[in-house]
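The chain contents come next:
Number of protein chains: 2
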Amino acid sequence: MLKVAIDAMGGDFGCKPIVDGLLLAFKKDRHFEAILVGDKDELLPLIPHKFDSRITILHTTDVISMSDHATDALKRKESSAYKAIELVRNGEADAYVSAGHSGASMSLATLRIGRIKGVSRPAIATLMPTADSTTLVLDVGANVDCDANNLKEFAIMGQAYAEDVLGIDSPLVGLLSNGEEESKGNEVTKSAFSLLEQLPNFIGNVEGSDIFNGSVDVVVCDGFVGNIMLKTAEGVADTIGKIIKNNLRRSLVSITGAVLMRKVFKKLKLKVDYAEYGGAPLIGVKAPVIIAHGKSNAKAIKNAIFQALHSADSNLSDDIENSISKYKG
Amino acid sequence: MLKVAIDAMGGDFGCKPIVDGLLLAFKKDRHFEAILVGDKDELLPLIPHKFDSRITILHTTDVISMSDHATDALKRKESSAYKAIELVRNGEADAYVSAGHSGASMSLATLRIGRIKGVSRPAIATLMPTADSTTLVLDVGANVDCDANNLKEFAIMGQAYAEDVLGIDSPLVGLLSNGEEESKGNEVTKSAFSLLEQLPNFIGNVEGSDIFNGSVDVVVCDGFVGNIMLKTAEGVADTIGKIIKNNLRRSLVSITGAVLMRKVFKKLKLKVDYAEYGGAPLIGVKAPVIIAHGKSNAKAIKNAIFQALHSADSNLSDDIENSISKYKG
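The listed protein sequences derive, respectively, from chains E and A.
Just so we're aligned: 151 in my numbering is position 151 of the first sequence, and the numbers increase by one with no gaps anywhere.
Just so we're aligned: 580 in my numbering is position 251 of the second sequence, and the numbers increase by one with no gaps anywhere.
Hints in this document: simulated from the structure, not taken from any laboratory.
Certain hints may be false.
[What the hints assert, rightly or not] Covered by chain E, per the in silico footprint, the following chain A stretches (three or more residues, Cβ under 8 Å):
1. 424 to 431
2. 539 to 549
[Stated by the list, open to error] Below, a list of computed lysine to any residue pairs in the SDA-like style, where the Cα atoms sit at most 20 Å apart:
3. A/519 x E/246
4. E/295 x A/463
5. A/574 x E/213
6. E/184 x A/399
7. A/513 x E/310
8. E/190 x A/508
9. A/513 x E/130
10. E/245 x A/571
11. E/184 x A/395
12. A/574 x E/86
13. A/519 x E/186
14. E/242 x A/456
15. A/513 x E/241
16. A/574 x E/186
17. A/519 x E/234
18. E/184 x A/474
19. A/571 x E/295
20. E/245 x A/657
21. A/571 x E/241
22. A/624 x E/209
23. A/574 x E/120
24. E/242 x A/432
25. A/571 x E/190
26. A/574 x E/121
27. E/190 x A/432
28. E/190 x A/463
29. E/242 x A/563
30. E/295 x A/456
31. E/184 x A/463
32. A/513 x E/121
33. E/184 x A/526
34. E/245 x A/396
35. A/571 x E/234
36. A/357 x A/388
37. A/574 x E/70
38. E/184 x A/432
39. A/574 x E/214
40. E/245 x A/461
The C-beta atom is built at its ideal place from N, Cα and C for all residues, glycine as well.
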């Protein structure tokens, strides 16, 4: 039976949404167990006895807080993140989920669990919404300065994740650039383009708008550009929401209209809400590592746990290793 | 009296929206004249006689099309873009507006009109909407690979444009990065950060979301990142529009609701529509150069013409030259 190690302490709202998310996941799937790493005095009161057989608590009180440096994470051997990562490293758990300090999770996963053979740098991936589906984008923050070979590895890892975890047959892979033509790009993406041409699923350069129109399944970029893309998307969505609300307040006098709009907003939120997707996988380490948003609610944690389980249940690591070796050099 | 040179031929929809835009501008402002560069047989039937005294036609039939290379623009001396640029170079016109090949306009403006003293590279700027106002972002496409000094010049040029043309007192200038902390950034933005600290209006790193929340007036980035930001914003806005429309069709049964929503969409469109802002100024060349969208309608052209006039009426070039010299080295 699969076992998930969960850093129960690092989220912005303490351990309650983490435990609640786990309980939601238990209700939906009877075939996994969890190790909650954190303060047993805080955790125990949150867990109904009927789940006792499926939950182990690994007690610790140290937490890496958002203001700590990621580089300190390796020294904080009693922290909830460190102990949860060690469970995966030692084979006592199959996957790791945390809503804590994302830099700490990345460093610990990369250095303690280790990279898949052939992977130079693991990457953080995220799912962006289109009108009907989603697009996987990586890297969105782990690696700020990348070379062409890093981008090629991201393409291979993204394709494998889309196939093995998202279940997309032969996903289309694009390179994020400032235009679709082969001649477009900066120095790094231009040299990445010629490396990516080896990959049969590579469809060429794609633009920022293509992430949201469903024309590509996997989009590759460095972590600097990926972060700016992500924050831009969030910023535009927020601003449009504000503009709509401001205008509604002025024009929607009828109760009918207001009720209808509330429904639309709810559906819209469902589409663009990260809680729907759970967390961001760190792809390229030997075991599934899911980095959930610090502000994750129970639903987001539930979905992050399912992402971890799907990943652990797949051949992702082997497929990445084989594919990197196949397209080497 | 100010005189605008207009490339009347390069837009996606021919010269009609260009001429219509000019006529709209004439109706609103009696104190400028225009030189339309293009095919007189096409242009003459579009111009009512009452505007004869304010319009000169400079006849030519060659047009640089979207599929031509920007590098060819310098050889195409009979093209509408080349001839319009020459009018500005020779002092026969004060500003240039084109909805044609943007790369051609950039090359011609940079090489034939010339850069302001001290400017290494002119930059394309664009206005992005916030809920209540706008944010000026540059570069969004002229310079794909930039060094720290280029970014510093963009900051100086952007601040001068915000003050002189947009009328913002002491605009706040931010550097687009993957986090607000000084430690964030890629190699180029990190070294740009220390150069930008010389500028009194520099507020530090800003994130993609800050472009849309009104916390900063001028945002500086290289043209690769700027293009991806711009296309991402357009893509998200389109997708949200689609999601709302799809859900409205399903849930909005009452005529009342549909009518109200149409109003909201119209206001929303007004806020995010580039036609409201006209075109993108190429900042750093000796005269105002406004690059309008290829798909510009008459209203967009009208606003592009007003941008050109405001710019020509300001001390922009002198202020950029003085500021670059002041913060040199």
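| query | Which of the listed hints are broken here? | reply | Structure breaks hints 1, 3, 4, 7, 8, 9, 12, 15, 16, 17, 19, 20, 23, 24, 25, 26, 28, 30, 31, 33, 34, 36 and 37.
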